[in-house]
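Asker: Sequence:
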Amino acid sequence: MAQERIYLDEHIRFISYDNDKSGEQHNILAIYNVPMCFKLVMNQQTISIRHLKLALLCLIRKHTILRTSLNYDTAKDCLMQTIKQMPNDDDDHYYSFQLTKISSEDELEQI
1 MAQERIYLDE
11 HIRFISYDND
21 KSGEQHNILA
31 IYNVPMCFKL
41 VMNQQTISIR
51 HLKLALLCLI
61 RKHTILRTSL
71 NYDTAKDCLM
81 QTIKQMPNDD
91 DDHYYSFQLT
101 KISSEDELEQ
111 I
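Here the numbering used here is used: the first residue of the sequence shown is 1, the next is one more, and so on.
Do not take every clue at face value.
No farther apart than 30 Å at their CA atoms in a straight line, the calculated lysine-lysine pairs in the DSS-like style are these [stated by the list, open to error]:
(1) K53 / K84
(2) K53 / K39
(3) K53 / K101
(4) K84 / K39
(5) K39 / K101
(6) K39 / K62
(7) K62 / K101
(8) K84 / K62
What the hints contain is simulated information worked out from the structure, not anything from laboratory work.
Sequences and hints are given; from them, build the entire structure.
Answerer: Here you go:
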């Protein structure tokens, strides 16, 4: 499975362990996360950030792959695929969204 290969590759090459006695694992890089920026162009009209956020949450609700993760289950000693459930009443706190206003190409390049 391709997801297992990505998980193993990330954990072999990009995981560090605490120097203390806990032995906890910590990601030092989220190498396979791909940040994206979208430029919204408006012709003297306004866009509702609330409606945009609701549209994105509708996509997340519809497509379970956007809520899927691989986690290592120590009890079963294997990788388990987990699908995060969508709450029916609290969509506002399901995922965090960051809104940034960019005024120049230089600011965009810094992201």
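Asker: For each hint, tell me whether it holds in the structure or not.
Answerer: Going through the hints against the structure:
1. K53 / K84: holds, 18 Å
2. K53 / K39: holds, 15 Å
3. K53 / K101: Holds, because 16 Å separates the two Cα atoms, which is no more than 30 Å.
4. K84 / K39: holds, 29 Å
5. K39 / K101: holds, 10 Å
6. K39 / K62: Judged against 30 Å, a Cα distance of about 24 Å means the pair holds.
7. K62 / K101: holds, 28 Å
8. K84 / K62: holds, 12 Å
In terms of the numbered hints stated before, the structure departs from none.
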